[in-house]
Amino acid sequence: MIYEKETRYVIPFGDIPSPRAEMPEISVDERRENYTEVETGFPEKIAVQEARRCLSCRRCLGCALCWAECKPEAIDFDIPDEELELEFDDVIITNGQDNAFYPFNPQLGYGKYPDVITDLQFERMLSPTGPFNGMVVSPLDGEIPGRIAVVQGDTGDDEEHLLSSLILGVNQSVIALDKIKDLEMVLISPLCESFQEKFFAEAEKIPGLQIIEGSPESVEKERDTKEPLLLKYSADGENKQKAFDLIVILTKPKISPELESLSNLFWTEFGMHVF
Amino acid sequence: MCTGRIDPAMVARAFQKRLDGLMVVGCYFGDCHYISGNVQAKAKIDTTRKLFKHIGVNEERLAFRQCSSGEASVFVKLVTEFDEKIRSLGPLGGDGDRVKAPEIFGKLEAAEAVLAGEKIRWVMGKRTPFLETGNIYGEIFTEHEFNRAMDMIIVEEIEVQEILAKLKEGARSVKDLAGDLAIPSERVFRYITALKRKGMVALDNVADRSPIFQLVPQEV
Amino acid sequence: MDDKTVLIVGGGLDGVRTALEQVETGAQVTIVEKFPTLGAERIPRDRLIRPEQAFINPDLEKVRDHNNIRILTYSDIKKINRDNGKLRVRILKHSLRVDNSKCNDCKACIQVCPVNMFDDFDEGLGFRTAVDFCNLATGGYNIYKEDMPVCQETCPVNLDIRAYVGLIADGKHLESLAKIRERLPLPGSIGRICPHPCETACNRQYLDEPISICFLKRFVSDVELSQEIEPVYETPEHKYPEKIAIVGAGPAGLTCAHDLARLGYEHIKIFESLPVPGGYLWVGIPEYRLPKKLLQREVDLICNMGVEIQYNTRIGKDVAFENLTNDYDALFIGIGCHMGLKLRVPGEDDYEGIVDCVTFLREQALGNLPKAKGKLIVIGGGNAAIDSARVGWRMGFDKVYILYRRTKKEMPANSWEIDAAEHEGVILQYLAAPVEILGENGKVTGMKCIKMELGEPDDSGRRRPVPIEGSEYIIDAETIVPAISQGTDLRFLDEGHDFDLSRWNTFLIDEETGATNIPGVFAGGDVVTGPDIAIRAIAGGKRAAVGIHEYLRSK
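From first to last, the protein sequence lines are chains Y, B and S. In terms of the working numbering, the first sequence is numbered consecutively and its last residue is 282. In terms of the working numbering, the second sequence is numbered consecutively and its last residue is 353. In terms of the working numbering, the third sequence is numbered consecutively and its last residue is 1040.
Derived from the structure by calculation, the hints contain no laboratory data. Among the clues, some could well be false.
A few chain Y residues facing chain S, derived, Cβ under 8 Å [unchecked claim]:
hint: 1; residue: Ala-58
hint: 2; residue: Cys-64
hint: 3; residue: Glu-130
hint: 4; residue: Ala-208
hint: 5; residue: Leu-266
Don't be surprised by glycine CBs; every beta carbon is placed ideally from N, CA and C.
With the rest of the complex left out, here is chain Y (with noise of 0.2 Å):
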């Protein structure tokens, strides 16, 4: 099974009922000494409209159109899947393309704005072999961003962690300025002590880049959506806010859930190697 993210792109249809059936139920007072079934069932209006609200997910509908289309003949179903069997001495995991990360912030308003993206995401957009071959482009309308933020999903991280996001979040920084001419690039974290230390003085020098020590707290949108991201966040004490039309949100890796439960018995060596 691939693992997926949780905001998963579904398109609504016209004819499907929207809210989830209610059961309904006896009154409070009816209850009062007695052991009355107090749910009372769907009738049978409501069942059946309950269940046309199912999506039917289905990835392959094995409807064989692509086998048709095959000319070189390389199309084929009955390929078996393989079960192997296999021992080793040793197993180590690796933070692979699972791609699997800690929940953070939601009011940064991930998966409600098609704007907001995460490193991940940013990553796979930045490079040559990614979906617009290293285009930055705003998912939202396709449009080249003029200013972008990237921004701690979670501030209250641990600083191994804060110092390899924050390098991520510069070098993220450093190929989409290279990209776009005239951007505005701006990173907002709580920077840590052995960032300051070892990579501030050459980050703050890249020529385009502001860095903000801060902490986000919201992105927010005015009326339409086609109006920019309003994102607020405290930096020096003070609340502030700045508009944007791309907003990065530095992730924290996580071993997906599968693995991670075959790892709570048996890993004898856990590597999650962040290089």
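Based on these hints, arrange chains B and S on the given structure of chain Y.
The following block gives chains B and S in isolation, referenced to the frame of chain Y:
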């Protein structure tokens, strides 16, 4: 000729030629000379109706009815009723429809492209096997599930076809496409990304901050 | 060490690097990667970069060509066992369904594929189609076909939810019920009481709210009842003569019996210590949530398949455990967790009027409790606590309190149950814990409590409650019901028994067959998992039924 032979793409084209209503009258289920022609006809018309509803054409303009060749009075009744219905709806793209003329003809053009397209025809043709014997993996669908799958294809295909039709007129940015087609921009963006991935659309140039996309001519 | 073998999980940049490092030391390396291709380039996270050297590429060539590296792409790890210092790993390599040696990358398939889905490789920034290349750079066409939709996968018994909900939408209610019964013998009961993990996973929640999967199950079962239809079961193809004993007529035991009966076993006997069937479903779930009549009917349907239930028979007292192992070819233990745990506060054993929740609910269900008088305090935050309080409220206690040491947010009970209790007038006191039971003349008169505050998170991730010094207070009450947790009651086993047990006094079993370490003895349900939800007990019963069948047929 059998109602099963009616091509939904032809239906969409007929409406582009200012047709106000179309009733398909087939045999009763079980009476089909070709076993399941009328079942297929109904499935095709149902899908087309759904598509019409989605693009803003009143789906009542298209009907599937049944009657046998010996039932003159039933036929007269069906025709009279349908005639009244269409009269009450008025001309195509008027008060009876969500989308008005002339935009409605552009929508119908995209609908024809969807209905002539392989995707929807193939899956529509799979209806009976999916419900009765199963898909290539042997999984049997409920009617609801099949309809859901079909809905999804209709929604996505019509939007993609509208985008392709617009791009045929000239290269455009995602923002402009969204504005022209009244489709949410984040959706247009995803379609463009997908079309690019499929090699059907490519980046033309970048004007200021707007990447402009163009069609990639396809080999036939 | 020349022949050290190493498994590397994850074929990303890190995985590839680690593989090359390991292979340098002379190890034999296997890489397991979820995606159909090995890693993509990454941005460094340990040093600042310049734009021209932005990405680091994994050294794919070197890994691919290396003789001592085996690459398993599109693969998942299913299980890991420790075996004589080695780790035995089961890996499922998914079929790509595309022969990439024939593929000419013409993209015809992805242009026609009608399915747009979440593009994992690009973190959901675009779509992928069901048939697709994975990585623009490395290719790797594959068809993504999941085994089950997410709801079915989450369900402990893997109910075909998509199909049964779809059948309801089509108006085919009885067909839907038959579909449910293929995997679940108690649809009416489970359709009422299941905390439905499937709904928590439902994809519809990302659009608005999840589908009401559980109650739809109840709906179809109600349809059958109201139309007075008797379900028809197919007669099993084979008949088997072996005798099977099942201890406990709870959800696990009943399901195990049901599944074995449907497989063709004709001599199945359930031993039940209570005078009623259903186990916790009868004596733990109150009538207002699950009417006994309905439960009785569902049990009767199972009995009609030729399953015998012997009531009022406690193993170790009425029948010796050895008799079961001697007289029967296979034995399933599904006795649940019917022992309420103690509060461990002073005064607990000194007064009349303190009764644990399991006993409280059981005696009420069996009609043995006298009419309620005065006030009732229930201590705990689980569903058993809520059930006890709501039952107490119905019994006629003047005031019913629930005391819980954390806040509503941390409460393990289902949120809708908590709401219902509040709605009925149960008084919930959060951040409070018992200190001492107070009494006079041998009877409970009240309880001394202390207020709590939340401190640092503990191992379970919930914040640990800490008492606030000097905040003690007293609640008057005539009855106190601790609903802390439940344990197993394994007193029927001899002192010198050979069963492998966990430190929670539950049976340790083989995860695939439900077999205990004693041949022919299987276990499932709460006696294996500890107190858990009914549907997982049912899954335990199902697993053991398959295990018993395999065991008996291979004998």
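Verification of the hints:
1. Of the supplied interface hints, the one on Ala-58(Y) holds, with its beta-carbon coming within about 4 Å of a beta-carbon of chain S, less than 8 Å.
2. Using the Cβ-Cβ criterion of 8 Å, the hint placing Cys-64(Y) at the interface with chain S is satisfied: the shortest such distance is roughly 4 Å.
3. Against a cut-off of 8 Å between C-beta atoms, the interface hint on Glu-130(Y) holds, since the closest Cβ of chain S lies about 6 Å away.
4. Against a cut-off of 8 Å between C-beta atoms, the interface hint on Ala-208(Y) is violated, since the closest Cβ of chain S lies about 11 Å away.
5. Look at Leu-266(Y): its Cβ gets to within about 7 Å of chain S, closer than 8 Å, so that hint holds up.
Comparing the model with each numbered hint stated earlier shows that hint 4 is the single one that does not hold.
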